[in-house]
Every structure is written in structure tokens, then in C-alpha cells.
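Read off the chains here:
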Amino acid sequence: MTEIERLSFDVVVIGAGGAGLRAAIEARLHGKRTAVVCKSLFGKAHTVMAEGGAAAAMGNVNPRDNWKVHFQDTMRGGKFLNHWRMAELHAKEAPDRIWELETYGALFDRTPDGKISQRNFGGHQYPRLAHVGDRTGLELIRTLQQKVVALQQEDDANPDSDGCIEVYAECTITEILLDEIGRVAGAFGYRRESGQFVLFQAPAVVLATGGIGKSYKVTSNSWEYTGDGHALALRAGASLVNMEFVQFHPTGMVWPPSVKGILVTESVRGDGGVLLNSEGRRFMFDYVPDVFRSQYAETEEEADRWYDDPDNNRRPPELLPRDEVARAINAEVKAGRGSPHGGVFLDVSTRMPAEVIRRRLPSMYHQFKELADVDITAEPMEVGPTCHYVMGGVDVDPDSTAASVPGLFAAGEVAGGMHGSNRLGGNSLSDLLVFGRRAGAAAAAYHSSVVGDLPQVPESAVAAAVETALAPFATESGENPYALQQELQQVMNDLVGIIRRADELEQALVRLAELKERAKKVSVTGGRRYNPAWHLALDLRNMLLVSECVARAALERKESRGGHTRDDYPDMDPAWRRINLVCSLRGDTVVVEHRPLPAMPVELLRLFDIEELRKYMTEEELAVLESDMTESAIGQSGVEAGAEFGAGRSGSTADGKEGTSR
Amino acid sequence: MSTMRDFRIWRGDETGGALVDYQVEVNEGEVVLDVIHRLQATQAPDLAVRWNCKAGKCGSCSAEINGKPRLMCMTRMSVFAPDETVTVTPLRTFPVIRDLVTDVSYNYEKARQIPAFAPPPDLRPGEYRMMQVDVERSQEFRKCIECFLCQNTCHVTRDHEENKRVFAGPRLFIRAAELDMHPLDTRKDRKEFAQAEQGLGYCNITKCCTEVCPEHIKITDNGIIPMKERVVDRRYDPLVWLGSKIFRRRS
Amino acid sequence: MTTTATGTEVRSRAKITARTLRTDRWWLAPLLTVLGLLAFVVYATIRAFMGRYYWVDDYHYLTPFYSPCMSQSCIPEAAHFGRPLPEFPGFIPLAVISLPFLLAFRLTCYYYRRAYYRSFWLSPPACAVAEPHAKYTGETRFPLVLQNFHRYFFYAALIISLINTYDALLAFNTADGFGIGLGNLILLGNVLLLWAYTLSCHSCRHIVGGRLRHFSRHPVRYWAWTQVSKLNARHMQFAWITLGTLVLTDAYVMAVSAEWFSDLRFYN
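Residue numbers (this note's numbering), protein chains in the order written: chain A, 1 to 662; chain B, 663 to 913; chain C, 914 to 1181.
Just so you know, the hints here were simulated from the structure itself, not pulled from any lab data. Keep in mind that a hint or two might mislead.
Here are the computed distance ranges between Cβ atoms for each label pair [unchecked claim]:
hint, chain 1, residue 1, chain 2, residue 2, range
1, B, Asn689, A, Ala463, 57 to 65 Å
2, B, Arg827, A, Thr525, 54 to 62 Å
3, C, Arg1054, B, Arg849, 21 to 29 Å
4, B, Arg827, C, Leu941, 52 to 60 Å
5, C, His993, B, Arg849, 45 to 53 Å
6, C, Ala931, B, Pro744, 31 to 39 Å
Keep in mind that this is a model prediction, so the values were computed, not measured. For glycine and all other residues, C-beta sits at the position ideal for the given N, C-alpha and C.
Build out the structure end to end from the sequences listed, making use of the hints.
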């Protein structure tokens, strides 16, 4: 049989982005022998691409900010489809996670009094994003990477200590292996460098693999984003939630073709950039939806005043949540008011002096200068929507991040629920930290609970994984994986893109089924050592599976909400708000089921104005709510106090329960 | 608008290899990495290349293009003459794995030797106060995307493999500078470490690291030279030296 | 790979025999550096040992190559600081007090080090071009470890710059009282640029404020550091410009002194 490297750990984290590294650090701090496995080199994960910042209600710039406002913004941004508990945990714990980074050595931009500076961003009522210029993701990943190294140095100094943290870079996991009774027993994969197989035996596996963007043609995501974690979870028997919601970032580069999709950070708009159509009109004023009408400026004058005086003016509509802006741009282009290369104009050159632009947006300045030969201090950028983030992901328990399969955890983009139907900018980096830490702690706790009865990997499962992995070499003169990937990207872009229709989605499913068949006959030449064609052939399987989930769920949800817009069902339907679509795998088939959305407790509902809730909820819900609210108005006490406390430092939750326990 | 261009790409592994000629289609606005991808998809499916973000942010696709260390994703085809052959080779300083992919573990090993950030023990999370002017110098170094082009181009190890033992390289010198300039770092021995353990003295400030840095970090002027001067403060200041001699004699 | 190499094989680099694959004219910059520095050294050597044409008595012009002139061999009027030193034989330059320090200041300068390591020592001749040496120890050993004394030569250069400034100011006071000629402007311009070169020095930048950990607690030094940093960004330019102005200034004084042509006078 093929030679396999066998390693044994307490916790294995798949993915070394923000969530993965934070999870691994936490598991190691709990004294566990921890491995981080990642497809790229250590420190190259997609998190480096995050530009704007990490949202946390620290109130450093506007002291009125607190976790409740952040929670409200998150729920609103997600059109109330978020798992309330995740949004709550996230809003409460984000400040602690940011402050913690400073103890690891992070250097955020500062306020005049020396605190962490915070910037405005779409959908956030107050300046909330901790940032470092426009390279916050890089700061985050470097900080966590250096913390991992610091822990490794501690391990080196104390060889007898229990815990350890090892990094397996350029190593791809192809399968999660279960024991006889369906518990996670390990992870199987290969080292990209040598092509050698490796088996990580571990009772607890944390998925932190990020998103699925590489299934789309125009995307801001890197090659790694092939939906590995989503697919691994499905094949291991876990389910995915909210897969129909894919965020298209409104501002990606549109020209030249080779850089189409590369992100133009939202901070460009947060710092004063405006969107213009070919007629020079600030068209976003025409696209403020009713649910947001009261919070956004109606005139350019008011919008411009807001940058200096946010307390007395309403924010510019350029800062609406991403789904709204992306749809508006899409509509302008379709109406023939687009820019020469099929986007719209994003202008900072007339809004700020060149010097300020270069200082506040250095990487954008360089990106356009070097890739498009455009000087953003002198001329407008051309931008258009680009596939950016998948809101859907592994269905997890909010407190522990545990999936339905014992021993499987998921955090970060690969986990679903937190962002509902649309993620606010800046909520991703804080999501990574909050739930990364929770995943690491829960995985460590889980390991402790099974340490007397560790699951064993069945040899038959290993053999099957080897066979699947080697299949592309066995096929002769079959399909070219690169060609298949391009076809898949085209299908997803054209038929499951930003605006969807039933007939197109049905067509997409047919095409995906064809591609799935053809993918079985993919063949690769050459050896196993660093063979990108082989790597792609194996990734393709995951991309196809996840794409099918997206298409099926998108066909099922007959309304428009957040990152899911149906041409044939253009309105938001309160009845659909109560439903989560859950994908799972039965044999080889993706099954989509309806499940009621977990109901938000009344004390959190009370944070919202009833008039606002009226826009999202069914009559039935509102009737119950109105009676509930009158009741609880009489006897609410501890909740508010506990909530206030949570806004400060501790990880305590609304019902007073601590941290990571389930 | 597409044209056919001549490419020469180094194919092989540690047992040997050679420059292989390719003719490949190139479109307007493309970068070298686009062309490499087209080669993979059409002519050389197993051509090994390391890349990630394709936006100059992750520092994975480092290679040598016409002999110059560069990021493939940030090298526009328009910088070459239409009839110019573009030669792409792996980073020369590191062991080759296959084709354009090299083993860069040297850099990670050196990174693991630098003492980590040492925060003040009495400050709790959330209590850190730092002024913008005090963090700016270190922030410049934290722009580093770890593409290791500086490590690759530095002649100290590029031309002298044996120096890898004693020399940490520009990337790690700016890491040392970053920590030594961090407003809240409490370690006092970073200069000594840079001199004794990192081999700061091997650097003869010929500035190639700065020249190739895709993030335009002033590695030499803002990182290495200030570190050298800080070492001078401790080691070569005759007054300090005299003081220590006298002090030692007395004790 | 980061932490656990499988480690069964000893890896080697890609076997590429070419010394460089660069296709541009990478040899041009080191060549120009060699020519430029050699030209200066030749000129400066000849002039330093010439022993005459360094003083224009009519207008009190003193070339910086002979300042301060403190030997009994000096023209008494040119000796602004007296003549405490005995008569020098011909092989000792009259400005023997300052020249070694100026030479050392430039020799240990971070810019000139880069320039001559690259162009004379070919270590390396250009980026990504292999150097010809089999071994390399950089500035870790004698004599190159002495480069670390740059700072003390900087202090000396500061004093010499003051002397040059004094010389240039004295030149406004001619035998017939206050006067201005082209020579004055050249002397003054040279001194200003010498200051720019001296103050833009990396050691200066460090001493002025670079060594601080907290700029916010030393606003004045931080301000000074930002100013020096601006100059420092042009240190290379100043290094070359001042070589040029030194030669120009000296040549002008020599020409007027030797009466090859007369000074262009604007006033008196």
C-alpha cells in the first residue's frame, strides 16, 4: 500500500487564516497538542486580503457605540436572518478579541488619545472598525502567526509541557475520517510539496477553511477558496445552512481583464469616495430601500456633512450594506449608464487632496497604479460587483461552534448563520477571532471529554481516501481539470450570480450535474510532487459539491434577501425569514430541507423599534411579539444588567452563562 | 488584443533542470502570472507555481523574471518589449522543490529564533495606549507580506550558502527593528540579539533588499541602518566601552 | 513544512549556471560609480598635495581642500586659526588636520559604502548578479568592523563644516571691506550643500531622534528627526552633489588664485 505519514494530535485545525490560527492558539493555550494544516505557506491565507478593518464596539471614536448597537447593525445587515445567538456573542466579544491582539503585538492605527482608532463602514452606525491603513487583514494574520511562533518558542523552551502547536504548511486535507460510531477520528490529506499522503489522527477537527469564491469567474477570492471545509463537512455527515447567500462585493476592479474582481476596499467609500454613473450622477440616492430610508441622507449636502458631523446628519447612501450597493451598481450598468468597461465610477480624486488619498488608501493607490495604470488621486476608478464572501456554511452550535458530527467544529467563513443573508463589512475579521477562539476552546474541551475513549481511524476509510486521491492519475486522457474549472466558474457566474431566476438556476443544476460526471473522468499527467493539475482535480470535487448546494438552495428560496436576489421573486417575504435552508448529503445527492430559524429572545428583540421589526416580520410573529413585550416590560431586570456587563470586558452572555460551555 | 510571446521557464527539480521555451498567447493588461496560468491550462498542466491572491498582497508568487526578483502577479507584460523573451526562474537562494516552487523554510526557521513581543506584564488587554507617531515606524515594517524577495536577493546568502547558518536576512532585520521600536515592547536585548545571533554585521548595506521590496518598505534606511546604529550605541561607543572596562576592572 | 520537514532528502538549489539572467544594463551603474569616484579621487589627490593656488588674497577665498590651514607652511592670511603647527614637507597636505576625518566620514558613510562595495568590490555588482568572491564575512571583522565608527567621523565632520562655514563668511570681508563676487556664492553654496550632506547622514538621523522609542514624549527631537529624515532620503544625491561642488569650488578658487581668470564681482 502507498506510504502514509501518520501523525497524532489532540486537535487538528484545517486552515491557517484568522479563524484557524485563533482556534489553534486557543487549543494550545488549553494545553492541547495542536496541529494547524493549511494549503498555502504559513501566513499567506486569504485573511491577508481583508482591507477595511475588524468591527468591534469599543466606542473609542464615538462613545455612544456599544455591543447592542453592533448587534442591531449586524441583524439589520443580515436582514434578520442571522442566528441571533451568534450575532449576540460576536457583538459582545469582539472588543476583547481585538484588545487581545494588542497583547500579541498588533499595531492598529491610533486615536489622538492613544486608543485603537475606528473607522466608518457600510451598515455600521458608528465608526467601529479597528484598522491599520487598508491592510488590516495582513496585520491580523501576521499578529496571529507571530503569536503561534511565540507559543512554539515556549514549547521549545519547555519540551516536557503537554501542549504544542505545529504548523503543516502546503498540506491539503481531502477527507475527514470518522470512526465506527460516526465520531471524527482524523483527517487525511497530502503534502503539496512531495505529494506524500498524511493522516492526522485526532478526535477533534476544527474547520477554518474559508469560502467558496473560486467557483465564480469574477471573484476577489484566492485559489484556496474552493469550499474545502464546506465539502469536507458535508461528506462527513454535517449539514450546511444559508448556502444561497453569496455576497457580491460592490466594488471590484473591472479592468484590465486579468485583474477583474480584485477588491477595492470599502474604506474608499467610508473615507469619502462616491459612486457615479456615466452621467456623473451620485446614483446611490435613487436606491435607498424603504427599510433603510430613515437612516440615510437624502441630499448630497447632508451626506457630505456627515463625514465631519455624524451625530447631526445621516450617512451617505454609498455606505448602505453591500448587497444594496452591489444591486444598485448592477442596475445602473444594465440601464446603460455604466463605465466603458462595464462598471461604474468610484471617485476619490475630487473629494480629497492627493496627499490624503495616498496616506489613507496606500494599497489602493498602488493597486490601481501598478495593475491598471490609473492614478486614483487624479481620475476615478472603474468598479463593479465581485464574488466576495459566502454567508452560508457549516451548521453549528453558536456557543461551541460544534457541527452535528461529534468532534467536528467550524469557525470563520466556513461556518454559517452568523451573518444571516448578508455580512457587514468588518464583521468578518471580528467573526474569525470571536468564533475561532470559541472553536479552539470547544475542541479542547471535547478532546478532554473523550480522552479515555479516543476514536480510531478505520483502515478501510484510509484506503478509500487514498484511492479517491489517486483516481486522477489512474484515468488516461480524460478531462482537463483547468478546462472544467473554467466551465464551472462560467456557469456559476452566469446562472447563479448576483441576480437569479428559476429557469437559469434549473439550467445551472443541469450543467453542474454534467460537470460532476465529467469531473469523475479528470486525468492528470506527471508525478505527485507539487503537481498543480492534480491539486486542482481534487479541489474540483469540492467546488462542484458546494456549487450544487448554492444553486439548489437558491432555487428553493423564493424571495429576495441580502445576498440572494431573485428576479422572479424581487421582494423580501417575511414568511421566508422564518426559514433556514439546510443542505446535506444523502449518498451522492445534495438534499435541501426547510428548518425554522431559531427565534430571538424577547430581550434582544426589545433592542429594536417595533416599527422596524414590522418591515421584516410576519403578522403572526408581530402579534406574539407585541404581547410578549408588554409582559416582559413589567418584569425585565437581570437581563439588561447582564447585557451591560457583557458590553464591557467579559465573555458573559445575555443569560449570564459563561464562555464556551454548551 | 492578443499576441504570441516567447517565454522561457525553468523546469526541473533538485536533480536538475533546464530552461524550456514556450510560445504563449498574451492579452492586454495581463501580468506574468496570467501567462503562467495560461501555460498551465493549455500546454503544461503540471507546471509547478506557488500563488495565492494574485493582487500583490500575500507574497506567494515570488520568482525571478529576466533575472530580477519580482512578484509574478505584479509584473505587467507591458513592461517588456513585444519581441522580448521573458525568462522566469525560481528564486535562486532557496532549494528548489519543482519548477518555480522553492523551499522557503529557511525564512520560517529564522523567524522562529527571534524573541517574541514582550508586553508589559502590568497592562491588561484594552489598557494599551500608544501614540500614532510612536507606532508608525513599526507599522512600516509590518507592511511586509513575506514574499522573501529581499531574502532571495541578498548576496550574503544568495552567493554564500554557508552564511545561512549565521545570517537571518533583511526580512528578519526589519522584524527586529519593528520590535525594538515597538512602543510597548519590554525586551532590552534586541540590539545584542540582532548583532550576535542574527548576523547584522554581515549586511554591507548594498540595498538590494530595498530595491526589490514590492511593498516599498525602506528596509535599509529605516530598518537595518537604525538597527546598526542602535548596536553602535551599545557596542562601539568608546565612552560606553571605556566605562565598561573601568567598571569591570574595579569589580 | 514550517515546523516538521519530512527531511529525508538534502535539497539543493535549482541548477542555473548563468551568473545572472538580468537582461538590462546592470553594469552601467557600478561603472559610472567607479568613474565618478575615481575622477574625484584623482583630482582631490593632486590638489591636496599641490600646495598652492588655495587662497585668493584679494577676496579672501580659501578652498575647502586647505581648511583649516594651520601649518607654518600656510599663507598667513589663509590660516584663520593661526599656524601652531610646524612647517610641513611637501608630502603632507596642508589640511592634514581635517582631510583624514573628511575622508573617513565619507569612507564610512552608509551611502558611499553601498557605492564602493558594489562598484569596486563587486559585492555584489548589482542586485541578483553573483559576486566573484568565494567567502564573505561582511562588516563583522577587522577592518570593516570599523565602519561602525561612522558616528565619530560625523562629529568631526560637523566641526569641519563649521570651519568651512566660517571660511565662507570671512570671504565676504575682502581686503577693501565687504564685497560679493561669484566666488562668494560658490563658497556659500558649497557650504550649504556640505551641511545638507552632513546633516542628512544616517548617524545624525539616529542621534537626533532615531534612537528614541517614544517620539511622542520628545516633540522637539521628533520634529528634528522628521526634518533630518527628509534630508536623509536624499543622502545619496547630496553625496554626489557635494563631490561636484567641492571640485567646482576648489577649481574656481584655484583658477582665480592662479589668475587664469578673474573673479566676477557683483559688489566691491
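Results of checking the hints against the structure:
The given range of 57 to 65 Å is broken by Asn689/B and Ala463/A, whose C-beta atoms sit roughly 45 Å from each other. In this structure the hint that Arg827/B and Thr525/A lie 54 to 62 Å apart at CB is violated, the actual value being about 39 Å. The supplied range of 21 to 29 Å is met by Arg1054/C and Arg849/B, whose beta-carbon atoms lie about 27 Å from each other. At roughly 35 Å, the beta-carbon separation of Arg827/B and Leu941/C lies outside the given 52 to 60 Å, and the hint is violated.
Checked against the given bound of 45 to 53 Å, the beta carbons of His993/C and Arg849/B, roughly 50 Å apart, stay inside it. A beta carbon spacing of about 24 Å between Ala931/C and Pro744/B contradicts the range 31 to 39 Å that was offered as a hint.
The structure fails hints 1, 2, 4 and 6 (numbered hints given earlier, in ascending order).
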